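Construct all of the structure, not just a fragment, from the sequences and the given hints.
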Amino acid sequence: MDYKGDIYYIEQILAGNSNSFSYIVDRHKDKAYNLAFRICGNHEEAEELAQDSFLKAYRSLKSFKMKSSFATWLYRIIYNTAISHIRIKKKGVLSLEDFPADATDFIGSSTSDEEAEKEYRSSLVNFALQKINEEERVLISLYYYEDMNIEEISDVTGMNKSNIKVKLFRARQKMFEIIEKVEKKNLIYHE
Amino acid sequence: MNNREKINDDLLRQYISPEKIEKAPEGFTSKVMTRVQLETRALILAEKSWKKNLVPAISAAITILLIASAFLIPGSQSDAFANPVLSLFKNLNFSMPEIKLTSIFRVTLPSVVMYVFIGIIILTLFDRALNRIFHREK
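Those protein sequence lines, which keep their order, are chains A and B. Mind the numbering: the first sequence is residues 1 to 191 in the working numbering, read in order. Mind the numbering: the second sequence is residues 1001 to 1138 in the working numbering, read in order.
Bear in mind the hints are in silico, worked out from the structure with no lab data behind them. One should not assume that every hint holds.
[What the hints assert, rightly or not] Taking lysine-lysine and the BS3-like style, the derived pairs with C-alpha atoms no more than 25 Å apart in a straight line are:
(1) B/1031 - A/29
(2) B/1023 - A/62
(3) A/184 - B/1023
(4) A/167 - A/31
(5) B/1006 - A/174
(6) A/31 - B/1031
(7) A/67 - A/56
(8) A/161 - A/65
(9) A/29 - A/65
(10) B/1006 - A/62
(11) A/185 - A/174
(12) B/1023 - A/31
(13) B/1006 - A/181
(14) A/4 - A/29
(15) A/56 - B/1023
(16) B/1006 - A/118
(17) A/29 - A/62
(18) A/56 - A/31
(19) B/1048 - A/29
(20) A/31 - A/161
(21) A/118 - A/67
(22) A/29 - B/1023
(23) B/1048 - A/167
(24) A/4 - A/56
(25) B/1006 - A/161
(26) A/4 - B/1031
(27) B/1023 - A/4
(28) A/31 - A/62
(29) A/67 - A/29
(30) A/56 - B/1006
(31) A/165 - B/1006
(32) B/1023 - A/118
(33) A/118 - A/181
(34) B/1031 - A/62
Predicted model, so just to flag it, every value in this text is computed and none were measured.
As structure tokens, this is what we get:
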């Protein structure tokens, strides 16, 4: 079935047809889940977080002004839910030792060297993401994974543009330092 | 973006493969919809119980008000607030026409009994009407 647009289904829900919400969930679930996963770093929490965010969106659908896109509004809900969730459930700090030094750990089900390399890099980035603070993590996720521009990120997070640029710059640097350290450590391990 | 930032940005993009998007697990939509349905049902139930409790709540409020006024309105007539109310009740003259029951039941009952019966019937009808309004299914 063709997707008729967020606004169409929102109007249907507001008119009393709650089942229309399933079309919206189906449409946005992957992006919502992906963002939640980048922020909290594990699949169980990401699913819980994404589900909670959809439920919050459903509850407050009446307050959605349609000034921004539904996706931006949903991201804002995920952002707020995730930040408060993380602040309540502050995790212990990961040490560099937590990242497996043996690259064969990433081969797993990968069929080629290229795929294994991708897996390795992806895990390394995820590891680095978990080492920076939650705000920076959200910014990196929105900018690189969701491919949002600074203005869109500002809509989601409520931060001003120059603040976002500064935080993104710092987050990038921190991530690079972590990635470099891990790679150096792995190099020593393999020598 | 300055040069250093650009280099960092490019390097990070090399690490982040955009195709590596984490997909929502199987059955995600149905799980969300189950929670939505539960929420909707809970809201309907809450609304129903609010309507159901409205009549008893109003009755309770009126009863409390009457009991409170019985305590608060003083016996003496010197109180400025109570005076008009008390004088209103004092000046009320009930003139109930006498209904002759002896011709029907061959017993003598005080005429007020008839009014009590009529009052009960009116209150019963009123209660049924309210019941239909507040317990109407959607």
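Hints, one by one, checked against the model:
| no. | hint | result |
| --- | --- | --- |
| 1 | B/1031 - A/29 | 12 Å, holds |
| 2 | B/1023 - A/62 | 28 Å, violated |
| 3 | A/184 - B/1023 | 31 Å, violated |
| 4 | A/167 - A/31 | 23 Å, holds |
| 5 | B/1006 - A/174 | 15 Å, holds |
| 6 | A/31 - B/1031 | 17 Å, holds |
| 7 | A/67 - A/56 | 18 Å, holds |
| 8 | A/161 - A/65 | 22 Å, holds |
| 9 | A/29 - A/65 | 21 Å, holds |
| 10 | B/1006 - A/62 | 42 Å, violated |
| 11 | A/185 - A/174 | 17 Å, holds |
| 12 | B/1023 - A/31 | 8 Å, holds |
| 13 | B/1006 - A/181 | 21 Å, holds |
| 14 | A/4 - A/29 | 17 Å, holds |
| 15 | A/56 - B/1023 | 21 Å, holds |
| 16 | B/1006 - A/118 | 22 Å, holds |
| 17 | A/29 - A/62 | 20 Å, holds |
| 18 | A/56 - A/31 | 16 Å, holds |
| 19 | B/1048 - A/29 | 33 Å, violated |
| 20 | A/31 - A/161 | 23 Å, holds |
| 21 | A/118 - A/67 | 39 Å, violated |
| 22 | A/29 - B/1023 | 8 Å, holds |
| 23 | B/1048 - A/167 | 50 Å, violated |
| 24 | A/4 - A/56 | 22 Å, holds |
| 25 | B/1006 - A/161 | 18 Å, holds |
| 26 | A/4 - B/1031 | 23 Å, holds |
| 27 | B/1023 - A/4 | 22 Å, holds |
| 28 | A/31 - A/62 | 23 Å, holds |
| 29 | A/67 - A/29 | 21 Å, holds |
| 30 | A/56 - B/1006 | 38 Å, violated |
| 31 | A/165 - B/1006 | 13 Å, holds |
| 32 | B/1023 - A/118 | 17 Å, holds |
| 33 | A/118 - A/181 | 19 Å, holds |
| 34 | B/1031 - A/62 | 22 Å, holds |
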